[in-house]
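Student: Chains A and B, in that order, give the protein sequences.
Residue numbering for the first sequence follows the numbering used here, beginning at 1 and increasing consecutively.
Residue numbering for the second sequence follows the numbering used here, beginning at 1 and increasing consecutively.
Since the hints were derived computationally from the structure, they do not count as laboratory data.
Where hints are given, some of them may not hold.
[To be verified] Heads up, simulated DSBU-like pairs for lysine-lysine below, C-alpha to C-alpha not over 35 Å straight-line:
1. Lys272/A to Lys85/A
2. Lys272/A to Lys907/A
3. Lys757/A to Lys51/A
4. Lys458/B to Lys529/A
5. Lys272/A to Lys37/B
6. Lys37/B to Lys137/B
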Amino acid sequence: MKKIYTSLRILSFFVLLILACSAYAQDATVTGTVSFADDGSPLPGVNVIVKGTTNGTVTDFDGNYSINVPEENETLVFSFIGFTKQEVPIDGQTEINVTMTEDATALDEVVLVGYGTQIKREVTGSVQTIEAEELADIPVSQVTQKLQGKLAGVQINQTTGKPGQGMSVRIRGQLSVAGGSEPLYVIDGFPISGGINNLNPDEIEDITILKDAASTSLYGSRAANGVVLITTKNGTAGETNISFNTSVGMQTVPERGRIEMMNSVEFAQFKKEYYEDQGDPVPEIFQNPSQYEGQTNDWYDALLRTAPLQNYNLTITSNTEKLRSAVVAGLFKQDGVVLNSDYERYSLRANLDYNVSDKVRVGFNIAPSYIIDNVPRTDGTRGQGILFNALHTWPIMPIFNPDGTRTTFNRFPADTGNIFSYANWLTSAEQIKNETKDVNLLTNAFLEYEPIEGLTIKTTLNAEIYNRRYEFFSPTTATFRINNPIPTNSEAIWEDRNDFSWLNENTVTYNKSFGEHNFSLLGGFTFQKFRRDLSRVQAQNFADDRLPVIQGAADINRGGNQTFDEVQEWSLVSFLSRLTYNYKGKYLLTAAVRSDGSSRFGSENRWGTFPSVSAGWIASDEDFMQNQETFSLVKLRASYGVTGNNNIGNYTQYALIDNTVNAVFGNDLAPGSAVNSLSNTNLGWETTKQFDVGLDLSLFNDRVSFVYDYYTKNTTNLLYNVQVAQESGLNEFSDNIGEIRFWGHEFALNTVNTTGKFRWTTSANISFNRNVVESLADGIDRVYGDSGWHITKVGEPFGQFYGHLSDGVYLNQEDLDSSPQVPGRSTVGSIKLIDVNGDGVITRGGDDDDRAITGNPFPDFTYGITNTIKYGNWDFSVVGTGSQGNQLLVRHLFSTTNLDGVFNLLKDVENRFRSVENPGDGFYGTTVGGGNVTGIERDWINDRFVADASYFNIRNITLGYTLGGVDRYFKSARLYASIQNVHIFTKYWGGPNPEISVQNNGQGDGGNLESGVDISGYPVPRIVSVGLNLNF
Amino acid sequence: MKKIIRILAVLGVVLTSCEDELSIFPEDSLSTPTFFKTEEDFTQAINAAYVPLRLINNQSKPYLAEMHSDNTYFARNTAFGATEQQEDIADHAIPSDDGITANVHVERVYVEYYRIVARTNQILTTIDEAEFDETVKANIKGQALFLRAYSYFDLVQFFGSIPLHLTPVLGREDAALPLSNEDEIYAQIVSDAQAAIPLLPPKSQQEPGRVTSGAAQTLLANVYMVRQQWAEAETVLRAVVASNEYALMTDYADAFSGNSDNKNNMESVFEVQYKEGPEGLDGNFLYNFIPRPITAEEVGAITGTSNPQPVNGEGNNIPTPDIIEAYEDGDLREEASIQYVTISESFWQDGVYPIIKKYVEPHSLHNNHGMNWPVYRYAEVLLFLAEALEEQGQAGEALTYLEQVRTRAGLGAPSGDLGEAIFRERQVELAFENKRWFDLVRTGRAIDVITAHGARIKANPIAYYYPEGVEPRSNAFTNITERYALPASESSLNPNF
């Protein structure tokens, strides 16, 4: 972290000392007291080291220290987090007392912006930076998990607890139909082609989030979802540092939030009543429910375990006159809380900067990593996800045989209503392999040349290699499907993916001042190319379960595009330019533009231009503000700009031929080809125009700082596969159509509540994001989600839940006769739906049926609060995050409230309607009448499936203790203990994770058109861990 | 500064090559500018035009054309809920407000036939510009014309007025067309079928499984039968008979394709081709026609597979007591068409159900078989000819053709009115071959026959596979019409309906 003013101050202090001191001493002991400049109170825990050595100590409780100094000409370095570092030459003194001042709230910091840096004070866009140090104690594998709750305007959800997966990041509520919402990640200047879930967080120095268009427009057609700039570690000036960080933890699934299902007795009782109410004889196994007392088979619980997690990182940084370097080696190993799931990451990074001369600098970074990730098919709907299968398996089905061995397969006779058979899900979890192995290499090199003062020419070459091997194998002895008796058909999928992306960037920066006019001009040209080669083979029926190899498979499955080769390529040529100007450092103006030519855009629309302009005024520098003490900074900002989203697919513009439309004549396959899309030579990027105003305040000697932003943006030219009448032989036409408007408010507050020995700081943020669909294609006012549970409709927010509205059950014949019914299906006691279109009957299907919007997956607001307390050598922090007003679609109810007794049920279903005299709580309907009656309640998705998922999560509590000068080899050591996911306060009843979003097949979060669906996903564990940081 | 100039010069070179770098065509598939040029391209294109027939006939068309008639019904499984899509068809209870319906089978048949139309339009519009062997070209054009005519013929019979696309759709604007009336559609069908006949080779010279001049003649005759142009029908039907390309199989049971043998046999005029195996060319219609829930062993007993699985849901296209009754005593076809299976876990009576035997052929993979679906058989050509002659008052000659069919069935001369006899003969000879509903409609009997059929079911649900105490739904047989409503999903995309 560079602090120009602070450095100047230290420099002048240093010069004064040299002039003042003339005495010499040898091999002496230096003692002294370190105190707080504001009130003179002693400061414990301050690191005191002899500069350039590993010789150091830490001040005691009263701020006193004592250190042996071998040479007289040494310098002592005093450092303490939150305070300005001081360097004091010894020059023969034996007592050196130091007073330390708190960091001015980092206003002089330099922050990273796209293609350069700026002094934070002069930034005119909406930018937030997080130091990785702040995140270090959170014992999770992914950076984005650590960022939860820390960033205003950024919603980060953990949509599934699968180790190493499932984070969704959305900046300022941005979304689109097909273009996703993930921001662009830029690591050391290199926009990478994927996400950052496999990046070792310990390699990171800091993370900067660019939110408004002025900050992001230099990333042009990739910037609309926001940009995340990541800087990796490098040597810190004047120090050599070796640190070893480790933490070990245990993960468990909290009891809170687990779905309350019936136990064996309750289930048998339900079944007994089912047959009684139907007037049928009760099958023998249900005649005496109490026989199952204490014999519940909790299949879900049996799949869970307590699992360890461990993290080791060794970091070596050094900085000599010529060479700055950092090496980070990491090992992260997490066993999952579901059987047979685990995640391992081995990573290495070496960063080098070399000053060839005063004018020439070169640098080289290389970061290989290897990740192995195995998670059985846990997520997804019935017959797709093992967790959901387990949840609704009958509790009277035994997990174990009387002899203690596992059952292989459970099915009761059909007259018990058990129409599906179930494998042993423990065996499924253990035997089904679902593994990815990633080898990733990220590398950058640069050459920087400063021919004349203020002019810098820089060229960089970056490459990313990503190899992924995916293997799925389900032997004859296991299945993730239901109704698939064991032994079954073995099946396998192999997928090999090789991604290669390279980027060359060439920029020229020129800084010049004319009197009070300061200019900085940037110009650049970049070229990036990406290629993916992917091969996938799906096979089945292996000769031997022990040999899941291609040559062992009887059948290669070619139907339905299961086995294929794929090539994905794109290229991007860009010109960029930025002018930064300020007058007297208080009137600020920035203008930037990027022009992108992309292979993804149609031949008639190949180039997109993305300009932005922003201005700032530091009012606190004006004369009229000089006579007050309250405000140290008052800055007003405004910006406007245009950015794009180019996630439109690589070949969408072309009319493609599907060459797998094969026919058969006689018994011979005849290859067939058919047009399967229309060409669109005008296809282009999605355009987002964003306006932002912001206010930055610092008060009371920078003890309170406050940032507010309001933004409004319009995304137009949404890439959208417009449905066309299928009489055309096609389903859709890809076009840029439609508009969404977004707006929101963001507040961030940082306060230093107490200072000195007991230092308490708070940082809090809250964000309000809104969106509304302004238009879709001509003549189309809605898009349904693929599953029909969502609607995106003009005039409403995006991706709303869609279904019938319920009004209890038909309580009696009179109620039934006087209410609209589902023809042929409604009976007394069945669910009563509201006749939305007023035609007297309840129908489902078409645009004008009785469905309506039933809920909203988006929160009213999200917030985070972090409190940190340091007291002497102790430190303590609490991170809380929350979300208010968001809802989830509890989709698993279609099985877990299936009134036909086919599956195990929610305990609540006990209170269903049984007769006119005994109507229960009027919520769940009658079981009489079979699927024709009960099917409406579960299959015609309705507002009962929608649940409030507002929550507040005490995300992390950490308590640490720092030891200084343990012995001559250690500069310091810190021990800490932390709990992750301490407790979630929520009314959400559909499952343990109020952030969940799982697709039917469990392979993703459903995208924007179908977000917020709970089909039972991998639970997010609580992690109790202890850690140790050693600095040598 | 020199260096800067040099860098700028390099930039200039890079820029000139920009546009090349920005044109990336997909390597893993072809696109239209390069396709539709060669004989191989058009061969692949015509092959793809046949493909939707597999999906149409695997499930949806049998429900719309057979289970919608008095020949078959569904077998209610009270433990299973989501079955209204099929039941609504069998029960003539398809919700159809304003002439549109959300029924998935209606939508599938509509969409898949238009897929054939689009593929054949693409071929017919571009093939004349391509240069390759004229014989091959004529053959491909003939097949395309047949498939387009056949698609529109089924569409017009199911729906009446429909959009008439004759050229490929190139943009969003021309995707949806106004409805054309039945006369316009039929004029196009007749014109396409007539054009196809001389272009196509006879069966003996065509690759087995592809359409032939005989198939095109039979299609044209079928159109004339529906339009009651008896004389025109007679002319083309006589040409089929005179071609000597076809004959009845000796044994009625052998008229139908095996899993991999006896396909496109000498009686076959046109069959939808399937192939067992993992290539995705298989059918599974037999499984759709089995009552449920059924155990793995019972499935295995029917299908002969080594890896049978239990099947749940609801069984469809179950022969009614009425079709069983329709077989005269001694009709050999009854035993070849219907077999009885015991479903031990059934909720209905003793669980002994009739199923369609025509499609029961031993195969090896569960839920994956290779039997072809019969579209036109020579027996139907004979019955058409008999009917066309009878309608023109030539009863004597008509009877000779009818008797050819009856003789093979082990039956003698028909009794009673000849016209009625031919109609009854069609019901049993062509049972479960997607003919019955169309016959009821074209003869104007649909409303009466189905109304009576519905009354019989309501009066005696147990006879129609309802478990004891379970009643037909209250909306059963409340919406009996001669045409299906158009799909709701398409209505929202086409402003014309």
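Student: With reference to the structure, classify each hint as holding or not holding.
Tutor: Hint check:
no.	hint	result
1	Lys272/A to Lys85/A	violated, 75 Å
2	Lys272/A to Lys907/A	holds, 15 Å
3	Lys757/A to Lys51/A	holds, 25 Å
4	Lys458/B to Lys529/A	violated, 69 Å
5	Lys272/A to Lys37/B	violated, 69 Å
6	Lys37/B to Lys137/B	holds, 12 Å
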